[in-house]
Amino acid sequence: MTIKKVLIANRGEIAIRINRTCRELGLVTVAVFSDVDRRALHVRYSDEAYLLGPAPSKDSYLNIERIIQISKDHGVDAIHPGYGFLSENFEYAKACEDAGIIFIGPSSEAIRIMGDKETARETMIKAGIPVVPGTEGKSNLSDAELITEAEKIGFPLLIKASAGGGGKGMRKVYKSSELKSAIKLARTESQSAFGDNNVYLEKLILNARHIEFQILADQHGNTIHLGERECSIQRRHQKLLEEAPSHYLNNHPELRQKMGETAVRAAKAVNYENAGTIEFLVDKEDNFYFLEMNTRLQVEHPITEAVTGIDIVEEQIRIARGRQLSITQDELQINGWAIECRINSEDAYNNFLPSVGVITEHAAPSGPGVRIDTGVYNSYEITPYYDPLISKLIVWGKSRAQAILRTRRALEEYKIVGIVSNLPFHQNLISQTRFMAGNYDSQFVEERFSMRKAEEGKETYPEIAAIFAALSAYRRTELSAHIIRRAERDTSNWKWIGRWERLHR
Amino acid sequence: MTIKKVLIANRGEIAIRINRTCRELGLVTVAVFSDVDRRALHVRYSDEAYLLGPAPSKDSYLNIERIIQISKDHGVDAIHPGYGFLSENFEYAKACEDAGIIFIGPSSEAIRIMGDKETARETMIKAGIPVVPGTEGKSNLSDAELITEAEKIGFPLLIKASAGGGGKGMRKVYKSSELKSAIKLARTESQSAFGDNNVYLEKLILNARHIEFQILADQHGNTIHLGERECSIQRRHQKLLEEAPSHYLNNHPELRQKMGETAVRAAKAVNYENAGTIEFLVDKEDNFYFLEMNTRLQVEHPITEAVTGIDIVEEQIRIARGRQLSITQDELQINGWAIECRINSEDAYNNFLPSVGVITEHAAPSGPGVRIDTGVYNSYEITPYYDPLISKLIVWGKSRAQAILRTRRALEEYKIVGIVSNLPFHQNLISQTRFMAGNYDSQFVEERFSMRKAEEGKETYPEIAAIFAALSAYRRTELSAHIIRRAERDTSNWKWIGRWERLHR
Amino acid sequence: MKYITTIDEQEYIVELIEPGVVKVNDVEYFVDFEEVGGQNIFTLLINGESFEAHISEGEANLWKVLMQGTLYEADVIDEREKRLSEAAGHVVKGSSIYMLRSPMPGMVTNIPLNVGDVVEAEDVILILESMKMQNELKTPQAGYISEIRIAEGDNVEQNQIMVVINPKED
Amino acid sequence: MKYITTIDEQEYIVELIEPGVVKVNDVEYFVDFEEVGGQNIFTLLINGESFEAHISEGEANLWKVLMQGTLYEADVIDEREKRLSEAAGHVVKGSSIYMLRSPMPGMVTNIPLNVGDVVEAEDVILILESMKMQNELKTPQAGYISEIRIAEGDNVEQNQIMVVINPKED
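Which chain is which? The protein sequence lines are U, V, S and Y, in order. Take the position in the first sequence, starting the count at 1, then add 1; the result is the number in our numbering. Take the position in the second sequence, starting the count at 1, then add 1; the result is the number in our numbering. Take the position in the third sequence, starting the count at 1, then add 14; the result is the number in our numbering. Take the position in the fourth sequence, starting the count at 1, then add 14; the result is the number in our numbering.
Check the hints yourself; a few may be wrong.
What the hints assert, rightly or not - The calculated lysine-lysine pairs, modelled on DSS-like cross-linking and capped at a C-alpha distance of 30 angstroms, are: (1) U/Lys176 to S/Lys146; (2) Y/Lys146 to V/Lys139; (3) Y/Lys152 to V/Lys454; (4) U/Lys176 to U/Lys285; (5) U/Lys95 to S/Lys78; (6) V/Lys95 to Y/Lys146; (7) V/Lys95 to U/Lys5; (8) Y/Lys37 to V/Lys459; (9) S/Lys146 to U/Lys204; (10) U/Lys181 to U/Lys269.
No wet-lab data here; the hints were simulated from the structure. Small disclaimer: the values here were computed from a predicted structure and weren't measured.
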């Protein structure tokens with residue numbers, strides 16, 4: 002099929018990520034944007050750009066009709082949905098199909114099946130793929146029904162949004178007294194994130210690892226995986242750091258083999274086409290369970306790109322064009338190790354509360370093995386309308402040790418000024434003995450990690466900090482004195498404020 | 002040998018490049034800096050930093066005594082010289098050896114032989130390696146002797162600094178009438194760059210390609226090459242863009258094989274140890290000639306890192322520690338393609354004149370396959386004291402085509418404000434048909450390329466530029482009017498200056 | 015000039031002797047302190063050791079020093095201020111009124127408590143929806159709710175005072 | 015407001031009709047023009063097409079527009095200015111005095127010419143050493159050397175006038 006002009010129905014780092022590959026392929030790129038995104042990089046990097054509407058997602062990036070209309074009006078051949086927003090909305094994929102526009106992703110039918118987490122679980126059970134025990138076979142449960150089911154499943158358990166993804170609308174419940182308010186919270190969050198307040202229950206598997214497989218499937222029946230990603234570093238089901246490959250599976254190659262085959266089988270069970278991800282939980286006894294399938298490009302796809310050399314967005318477009326995958330399963334080679342840190346505008350010292358404001362300085366690291374995917378720049382404003390992801394730091398090393406040390410080095414260099422970021426979280430995490438040993442599961446961040454504890458272990462420099470603070474206090478006094486007494490005194494009262502500054506005055 | 006603390010005797014991007022690997026290896030890093038470099042990244046990224054002296058190189062980065070003294074005073078085990086400055090000064094390497102400090106590079110003897118370009122040529126001739134015909138066997142020639150020799154060699158010819166490197170002190174001469182003044186210029190430049198005004202002559206081989214091989218050699222007799230780099234894109238013998246591998250050698254695998262073996266033989270002829278580069282000229286008949294050996298890390302080493310996955314600085318430190326190389330010649334695999342663009346503060350529209358000033362905005366590209374090595378940041382000042390290299394854009398792709406398209410994409414995204422850069426040169430070059438076809442030699446930039454000609458071929462948008470210019474002129478008028486009439490009028494006379502700006506007022 | 019700097023309850027007396035020389039708890043150091051690019055990033059060489067920090071000024075003499083991934087909260091007062099505050103008598107810690115402000119614009123989706131309710135430190139006071147997340151806002155100190163200035167469903171601005179917590183009456 | 019914009023000797027009449035609408039040589043376009051981050055980088059949407067440029071103001075109504083790796087030098091005057099300049103009579107091109115200024119700080123290492131020497135466009139006037147390079151400075155116009163204000167070995171500041179070239183007397 003001919004694809005010459007692609008509309009990227011997204012914003013932020015992922016819109017830019019997709020835009021980059023499109024431009025490298027010589028495609029004409031079309032951006033869409035909300036009022037507050039007029040100056041965003043995805044608008045500026047595109048050949049064309051059209052306004053969707055006001056800032057709130059429901060008025061802009063979730064407006065199916067408007068996006069389809071723009072596509073029709075401007076001769077768009079294909080739409081790339083990115084992740085989040087409409088990417089896993091089967092009605093949207095259907096609307097594209099109906100309008101004769103190629104949807105760069107799976108069929109609306111595959112999205113529908115996998116997008117409704119309950120239907121997905123049933124489909125997997127039929128295909129003989131293990132799932133986490135829960136409320137399978139029962140849909141649209143009321144609060145009362147959920148409470149009854151919960152007692153059967155037992156605690157701890159998880160409430161999950163049927164339309165879910167990305168940890169939104171998800172809540173852990175440890176005892177039945179917490180259940181009711183947790184259901185309410187999960188429903189509210191799900192409604193706001195996906196426009197659907199259906200939830201279901203799953204047994205909470207403790208000390209599990211979250212490991213996922215990247216799938217690619219073309220229209221010619223070729224379905225392969227590109228190896229796994231270890232995503233157990235999470236907080237409230239939000240991934241914070243991912244690695245490829247998984248340290249655990251490196252020591253359990255038969256398990257990796259089996260999980261990879263199962264992932265491919267799961268994708269085939271829904272006649273999956275394009276890129277997708279099968280998420281598994283692995284328990285302490287090496288049992289693994291299908292968790293869900295993300296029927297879209299994943300936030301953490303770059304670490305797979307780093308260890309395989311494959312541009313996953315390029316493959317998505319190949320597939321959408323009806324071509325064969327560029328590699329076969331046998332040709333797949335995993336080369337080295339990659340780590341992604343999600344840099345969020347969140348205050349790790351204050352309950353990970355989001356931070357909004359203008360980024361006055363974004364000094365990103367670079368050098369060997371370092372990739373940054375971001376939509377921010379100096380003077381960029383983080384607004385409360387969209388998710389708090391500032392950038393993704395993706396680091397490659399020839400071994401896991403090198404990747405970790407390189408990540409540590411890169412984090413040291415990274416400076417973000419104007420808003421509060423979670424860089425200190427990553428800096429503390431990366432130096433934890435358990436992390437370095439690869440000895441962690443998906444409870445690690447919530448249960449075994451705290452900023453204070455992490456900092457207790459490491460070498461600190463309170464004396465140096467005291468000097469910094471005292472000199473800053475002195476400087477502020479001098480600066481104000483200087484403004485007040487500018488006429489009376491020369492610049493010599495700046496004597497503490499830097500030799501170089503004086504030289505260049 | 003024990004290396005725990007490394008002094009990096011350099012500045013700018015290469016000091017940071019070396020610093021990064023040292024930190025990844027857990028080494029304590031020591032920076033040295035001149036007066037104007039107090040706030041430079043190499044100072045800020047290091048564990049320790051000591052002042053060398055005033056800005057001019059001779060008072061700071063070329064001060065051997067001071068660097069050795071700092072090393073002794075602060076327990077430095079090893080010195081990494083980087084490139085330029087003292088890196089190819091055998092007396093400096095000797096001073097390190099005498100002080101019991103490990104010099105991360107070859108022996109002072111190897112530097113001496115290869116550093117004096119005339120001695121190097123003689124040594125190669127003895128080892129049976131072809132060199133470009135010239136004034137071999139004759140040193141310290143006077144102007145008169147050079148003029149006599151020139152007539153024997155014939156025109157065109159090249160005047161080269163005996164102590165040379167990096168194109169400094171080099172002049173092409175096409176007819177005998179130009180010879181005298183060219184010798185004078187070359188001597189002056191060589192004196193200023195290397196503190197030595199000796200020059201020699203070489204036949205100028207027209208339409209030659211400049212292809213070099215990266216050498217690694219350990220203390221255990223293992224000498225290997227990491228493949229070649231194609232460096233024919235030059236202007237006045239200054240490399241501007243390099244590729245690895247060479248498109249030409251890709252089509253001539255036997256020639257590559259032979260050149261690689263010769264390069265290893267050349268390094269062995271001087272008992273070479275550590276990283277180095279053998280530069281060759283390849284003429285139209287596939288004859289190749291030894292040009293010189295650079296006995297240090299090369300500016301363009303990252304493209305070799307990109308296609309081999311090897312960290313060359315890490316190998317240098319391994320070698321200096323007395324360990325074996327991490328790979329053998331047989332294990333070497335070249336994976337994909339890499340291109341480096343040297344981004345200089347030079348005005349491509351005005352005879353490549355250097356530009357000095359403060360970089361007010363450095364918005365570097367990133368994303369898949371893109372690496373930036375730089376020492377600049379927002380508010381960094383480019384001074385006239387050091388070379389005009391702002392940054393190196395290093396791009397990897399799985400094929401040459403992908404690498405080129407990705408480079409083009411990255412250059413589009415790159416913004417440097419405050420000084421004039423040669424980004425437009427690279428943008429024009431990368432889109433030239435001859436470049437894309439790999440059909441170029443070392444005369445290409447000077448003889449077949451001009452900014453005007455390059456821009457004639459491509460799609461331009463003068464009408465859009467006219468709108469930009471007219472709106473800017475209007476904006477300037479409105480801004481000044483706004484300042485004058487602030488009291489009288491509201492912000493509505495800003496109506497042209499951006500909806501978003503108004504919304505956020 | 016002498017500064018009394020307190021970090022994690024440890025006191026550091028930082029004395030500025032002359033340009034380039036400071037004394038910390040009576041040990042002398044050579045320092046070179048420079049700002050970089052007007053962005054509150056500072057570089058400090060201290061006896062040759064190189065440190066970089068991002069420094070922001072909080073309220074009431076509090077300086078936040080973010081260095082090598084660790085946040086130091088430093089209370090800095092100069093000698094004169096210290097004498098003045100000592101003369102005025104100490105403020106008893108933990109006995110002040112706490113105002114829960116909105117850390118960002120958002121919508122209040124849940125207020126599980128009522129005026130008069132007693133709360134412990136780290137209790138959840140309300141849920142604020144922003145950036146597509148349900149954020150639990152907690153109180154750092156114990157006390158009782160004396161005022162609730164917003165209602166469920168309200169949109170709030172950044173820094174808007176939402177709930178007031180008074181110290182427990184002993 | 016109407017601007018006469020000349021690029022490469024081609025004239026474009028850019029008329030600002032109302033916010034969001036311009037006419038170029040009588041064709042109407044919808045435009046959305048915004049500055050990014052106060053750094054003279056501008057984004058322009060024109061009938062939906064997206065362009066970005068770095069714009070700097072030169073002397074005498076000259077605007078340099080750097081867009082997609084191409085530099086456009088645009089001479090922009092508004093109608094009123096144009097009428098005034100026409101009334102004052104045209105200046106004959108190429109007949110002005112050229113001042114060779116130093117593009118950067120450096121040291122003059124060679125002046126191959128003398129006062130009175132006739133030069134052609136693109137002739138090398140002097141050699142300036144800076145950034146470790148011998149830079150050849152050329153004249154963009156023909157004429158004769160009327161003044162040399164520096165000597166070999168002199169250090170010069172950025173923008174310092176070094177040599178003056180007068181037009182040839184016909």
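How the hints compare with the structure:
no., hint, in the structure
1, U/Lys176 to S/Lys146, "26 angstroms, holds"
2, Y/Lys146 to V/Lys139, "28 angstroms, holds"
3, Y/Lys152 to V/Lys454, "20 angstroms, holds"
4, U/Lys176 to U/Lys285, "23 angstroms, holds"
5, U/Lys95 to S/Lys78, "52 angstroms, violated"
6, V/Lys95 to Y/Lys146, "25 angstroms, holds"
7, V/Lys95 to U/Lys5, "62 angstroms, violated"
8, Y/Lys37 to V/Lys459, "25 angstroms, holds"
9, S/Lys146 to U/Lys204, "25 angstroms, holds"
10, U/Lys181 to U/Lys269, "38 angstroms, violated"
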